[in-house]
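Peer 1: Chain residues, written in single-letter form:
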Amino acid sequence: MATPNTTLWEVFIRSRNGLAHKHCGSLHASDATMALQAARDIYTRRGEGLSIWVVPSSAITASDPSEKGMMFEPAESKIYRHPTFYEVPEEVGHM
Amino acid sequence: MYTQALNTSDGEDRGVEDAAQAARFQARIDAEERIEPNDWMPAAYRKTLLRQISQHAHSEVVGMLPEGNWITRAPTLRRKVALLAKIQDECGHGLYLYSAAETLGSSREEMVDALLAGKAKYSSIFNYPTLTWADIGTIGWLVDGAAIMNQIPLCRCSYGPYARAMIRVCKEESFHQRQGYEIMLTLCRGSAEQKAMAQDALDRWWWPVLMMFGPPDQVSQHSDTSTKWKIKRFSNDELRQKFVDATVPQAQFLGLTVPDPGMKQDAEGHWRYSEIDWDEFKQVLAGNGPCNRDRMAARRKAHDDGAWVREAAAAYAEKRQARQHAQAAE
Amino acid sequence: MATPSIKISETPLVLHVLRRADDALILGHRLSEWCGHAPMLEEDMALTNMALDLIGQARELYSYAARIEGKDNDEDKLAYLRDERQYRNLLLVEQPNGDFARTIVRQFFYSVFADLYWRAMMRSGDATLAAIAAKSEKESAYHVRHSSEWIVRLGDGTEESHARAQAAIEYLWAFTGEMFEVGDDERGLIDAGIAVDAGKLRAQWLKIVSGIAAEATLTLPSNDWMQKGGRAGRHSEHLGHLLSELQMLQRSFPGATW
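Residue numbers (the working numbering), protein chains in the order written: chain E, 1 to 95; chain G, 96 to 425; chain Y, 426 to 683.
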């Protein structure tokens, strides 16, 4: 008999106060409470974390890589959104 | 963390997939771009990776057993916690790797079922027994040492999730080889009996460790495709030679003799080892090593004994969800 | 040739510390037996983490016991060179792992006690013990949480898991009384504010354990006959086998360094 699947969770960890939670891996657990404990036991053994989020993998909606052109390339030409687009004379100093 | 170059890649698909897509894929690989789970990839690339990563994961988990054999007998409390933490790391590494493999479309359960059904391979090295405490030192020093040679290049593997898992693994693993070497050093500086124990362990493990790098290049199947896809960056023989060159001076420092009377240092400084007994390697892979049956029996027992626990957790989760729905409906 | 057991000057404080150290080491050792064999990889990690916490506590306690004893002993001599009758741990912690339910129930019973105990010991007049207590309490608090979550899932999971959890409770119940025992030698330490009166923790322990058991739809036995002897070095037959493994190398290679 095939072993039934256990829910897959994605784990996000804040390593230091002031930093954002960052994806660090996944794990299997039957429910959210156990997922959180497993995340603690697996991903913070070397003091890597101060806060943990666990999210069922199935709850994540991802962009489609084949739509990369439409999704992300239009932003590339808008260089006027970056500070280096503008010229300020050196004498003015840092701005 | 243990990988073994016994994986073979599948040949390229012929005519099934769009040639233009395949060309674009190869161009991305050539440009050192990482491939991510949802990206288009040739079916053979997916299959090759899935097999390699799952074999790697199985090796981590089966690899807990030979060292686990000495947890309860570790000679000091310091050694006991170090060994326990190391084996726990292997468990974590298996878990990271299963997760990386899952991004390719197979569930951990399917992979584990394949292992337990005898359909999936794991590193041949774990089919050898740990007979004395010196074996624990030798595994850390040599088996982890060999694994690191294999794994560091994998941190730059073209498949993103595998490369990221390997970065985490290599970072955690940095203490494993050191703890093994420290055990060996302590034994070699100890009594004559302890030193003999260390030499005996080296005698038994040396050749099986050299086999970990996989068959010699001239017979290694399909490694061209793996190289082209940047899954593999060095050949089996290149890595094996690198390992031997690094290890011989370490053995000399310990005052131990590498059990290869024919070994010679060439003009370029490489230590040239004698012919490896590839028949033994084939036999061990075929299931006839000293511990194959015990290892699989132990994994099956853990899986079977744990079935009711996993069922209970799943049943409870369902009940709780049903209760929450009922509450919300009120 | 074999290494003989050491002699210990068992002052009340040394004895008190050794009891706690032995509890932690033996339970940690039992948990470590699961490594590589747990029901799922995630739980393998969790059980090993608890084992490492407990062996870590044992090391600190042994080192302190050796220091107050003031002889040539150290953590390893205390762990590896005392025989069965010199070990002072609870009978509960030496009981074999059995199935996962028995391991979890044993952990739950012990951790709830240990957490109450360490929390009270944080106010010990002995600064070293208070510091060890502060560190250990954080660990035991997590052990309580983890084992409680499992108790609830096993009790309220499937019919089989419920039956196994209930059987484990019945099997281990008679070993719980010993946790609250106070030896005559401990009275002085309690009066001096160095040790805690474990007997006073019983009501709270029962309240917590009953609460979780009820949530898990499990029943606590009504019998109050309790097994005793561990604190005085009279153990079950299981401890000797555990020690023969634990001490094997130290006993067979006299004076060796590892």
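One or more of the hints may lead you astray.
[Stated by the list, open to error] List time: in silico DSS-like cross-link candidates among lysine-lysine, alpha-carbon distance up to 27 angstroms: (1) Y/Lys496 <-> Y/Lys432; (2) G/Lys214 <-> G/Lys142; (3) G/Lys290 <-> E/Lys68; (4) G/Lys142 <-> E/Lys68; (5) Y/Lys632 <-> Y/Lys563; (6) G/Lys216 <-> G/Lys325; (7) G/Lys377 <-> E/Lys68; (8) G/Lys214 <-> G/Lys414; (9) Y/Lys502 <-> G/Lys290; (10) E/Lys22 <-> G/Lys266; (11) G/Lys414 <-> Y/Lys632; (12) G/Lys216 <-> G/Lys414; (13) E/Lys22 <-> Y/Lys563; (14) G/Lys377 <-> G/Lys142; (15) G/Lys216 <-> G/Lys323; (16) Y/Lys496 <-> Y/Lys563.
[Claimed, not checked] Reference listing, derived: stretches of chain E covered by chain Y, where coverage requires no fewer than 3 residues with Cβ under 8 angstroms from a Cβ of chain Y: (17) 25-33; (18) 41-51.
[Stated by the list, open to error] Take a look, some chain E residues computed to stay more than 10 angstroms from chain G by CB distance: (19) Asn5; (20) Leu8; (21) Phe12; (22) Arg14; (23) Arg16; (24) Asn17; (25) Gly18; (26) Ala59; (27) Asp64; (28) Met70; (29) Met71; (30) Glu73; (31) Glu76; (32) Pro83; (33) Glu90; (34) Val92.
If you are wondering where the hints come from, they were derived from the structure by calculation, not from laboratory data. A virtual CB, placed ideally from N, CA and C, is assigned to each residue, including glycine.
Peer 1: None of the hints should be skipped; say for each whether it holds.
Peer 2: Results for each hint:
| no. | hint | in the structure |
| --- | --- | --- |
| 1 | Y/Lys496 <-> Y/Lys432 | holds (10 angstroms) |
| 2 | G/Lys214 <-> G/Lys142 | holds (15 angstroms) |
| 3 | G/Lys290 <-> E/Lys68 | violated (61 angstroms) |
| 4 | G/Lys142 <-> E/Lys68 | holds (25 angstroms) |
| 5 | Y/Lys632 <-> Y/Lys563 | holds (20 angstroms) |
| 6 | G/Lys216 <-> G/Lys325 | holds (22 angstroms) |
| 7 | G/Lys377 <-> E/Lys68 | violated (46 angstroms) |
| 8 | G/Lys214 <-> G/Lys414 | violated (35 angstroms) |
| 9 | Y/Lys502 <-> G/Lys290 | holds (23 angstroms) |
| 10 | E/Lys22 <-> G/Lys266 | holds (17 angstroms) |
| 11 | G/Lys414 <-> Y/Lys632 | holds (25 angstroms) |
| 12 | G/Lys216 <-> G/Lys414 | violated (38 angstroms) |
| 13 | E/Lys22 <-> Y/Lys563 | holds (26 angstroms) |
| 14 | G/Lys377 <-> G/Lys142 | holds (23 angstroms) |
| 15 | G/Lys216 <-> G/Lys323 | holds (23 angstroms) |
| 16 | Y/Lys496 <-> Y/Lys563 | violated (31 angstroms) |
| 17 | 25-33 | holds (count 5) |
| 18 | 41-51 | holds (count 3) |
| 19 | Asn5 | violated (5 angstroms) |
| 20 | Leu8 | violated (7 angstroms) |
| 21 | Phe12 | holds (14 angstroms) |
| 22 | Arg14 | holds (17 angstroms) |
| 23 | Arg16 | holds (17 angstroms) |
| 24 | Asn17 | holds (22 angstroms) |
| 25 | Gly18 | holds (22 angstroms) |
| 26 | Ala59 | holds (14 angstroms) |
| 27 | Asp64 | violated (7 angstroms) |
| 28 | Met70 | holds (15 angstroms) |
| 29 | Met71 | holds (12 angstroms) |
| 30 | Glu73 | holds (15 angstroms) |
| 31 | Glu76 | holds (17 angstroms) |
| 32 | Pro83 | holds (28 angstroms) |
| 33 | Glu90 | holds (37 angstroms) |
| 34 | Val92 | holds (40 angstroms) |
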